Amino acid sequence: MRLLLSAIVILTSVTTIKTSNADILTSTSSLVATPVSDICNKTSSKSIAEYQVASTEFDKEQFKEAEDFINDLSTKAVTGIFSQSIVEAKKEALFHELFSTSVDLDALGRFVLGRYWKAATHQEKQKFLQVFSNLTIKTWARRFNGYAGISVKTTGVVPSKNKGQLFVESKILQGEGKDPIIVRWRVIKKQDGYKVIDIIVEGSSMARTYRNEYRSVIKNSGKGVQGLIDILQSKLNEFENPESKATASDEKSVKIKTSKKDS
Amino acid sequence: MRENKIKTHAMCYILIIALSMSGCATRPNDNNIEALAEYKQINDPLEPTNRIIFALNNTLDNLILEPVAKGYRVITPSPVRKGVDNFLKNLSTPIIFANDLLQGELKRSGTTISRFVINTTIGILGVFDPASEFDLPYHHEDFGQTLAVWGIGEGPYLMLPFLGPSNPRDLTGKIADIFIDPMNYSITHNDNNDDLKCAGTVRSILGAVNAREKMLDTLDDLKKSSIDYYATIRTLYRQSRNNEIDNGLSTLINGNMNDFDFYDNENDFDFPNDETTMTEE
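Going down the list, the sequences are from chains V and A. Take 1 as the starting number for the first sequence in my numbering and just add one per residue. Take 1 as the starting number for the second sequence in my numbering and just add one per residue.
Calculated directly from the structure, the hints in this document are not laboratory data.
Here are the simulated DSS-like cross-link-like pairs (lysine-lysine), alpha carbons at most 27 Å apart as the crow flies:
#, chain 1, residue 1, chain 2, residue 2
1, A, K223, V, K219
2, V, K127, V, K91
3, V, K64, V, K161
4, V, K178, A, K107
5, V, K189, V, K118
6, V, K118, A, K40
7, A, K223, V, K178
8, V, K171, V, K76
As the structure is a computational prediction, the values presented were derived from the model and not from experiment.
Whenever a hint applies, use it, and build me the whole structure from the sequences.
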């Protein structure tokens, strides 16, 4: 009780000081509002539309196409994967299909491996892409529980400095009392339409995060890309069969025991 | 009793020795351009030490903070937690306001002060957030971000004991924010007032539990799905800080749009800019 009282006392004292300051400040800020705030608010007040600079590579038609692509993709995801009326097993199959048709896996894989892509053998590259896509599908499908009731709204398109790439910005509305999430999709124009190569959630890029993580694993494993593939494969096994981790360690201990016997 | 003391001393020495021995990550040879670029970009020369501290933090988190945050989620309904979150956000107004001004963001400082007035009065001491309904959304600022806006580089990645991921710039910012906060000021200037001290402690604990509760699902998911949790947290910390510094526009208007280089060109040794490391700019 004493605590609550003291908290209220502190608050009210702070409030009185601040409200008197506030009056002055709001009046000053309204005085200078128009000219100065334009200079000072370098980035914060501008909407994405203002960055839609003229691009020689893309025209308005293509901006629209890219936006439609994301709209279509997110509608499929919301009605298919996030819907509660669909059975769990079917959700993963649906996501698998969506992932393989709308993500440029090769480009994503190249980016994620970075300089190690060049050093990898053809076999390693193929194996990596396979394990990487399977694991990504598994992890993302697991995340989709509890996303029911969300809706996605695209808000604009900006060209990337990279050839053939665009950013589509969207807002994910989570419903009552929750802040919307800003998601940017990096898409690339291919012959057969647009493909996603990165998803940037509140400034955190999926591709960059994978790249940093995998780079660290490759360095620490000491076995190059093959070392990474092995670790990804064991993670995948762990997801597919949650008990496999326990059995694997059991096997190990059994092996140690038998080898001791042998000696 | 004496034996115990010796034990703790020994433990401390072992810890110090382990930390100093783990030392620094090896810098690659100057001839290896790509490896060197990567080393500079990761910008984590203290990685071995940082990893040890990260493991200790994780153990503490598993033992104390995470269970407490889970318990807090169980015993409180969602509107109560929202109220606590609003209340704590409202209390941090002086820090946000001061940093808005220091960054020259007049419009945003106006938003901050208007939010404070509306939420403290109509929102009953900040428990409710009616200001958001009036198109005055919450934003966060701290002195670490201010230093970044002033052009100060982040410096090498640091894992702080108990406090988690940071860097010299953000650590300096954190300390400065303690001095900016009027609540801390009034505590230190009324050192006989136990109620104030107590309120300060409660605020810190509540802040930690509230922040951890909000991260429960994300961190749980990352822990389960990542194959190098330390590296994942390191890159996500930097990316989200850069996003905060640029007030949400980092991937669009800053230099890091060039980072999607697909290594098509065999002669291209240019390492794409992965994270906007302020030191390199």
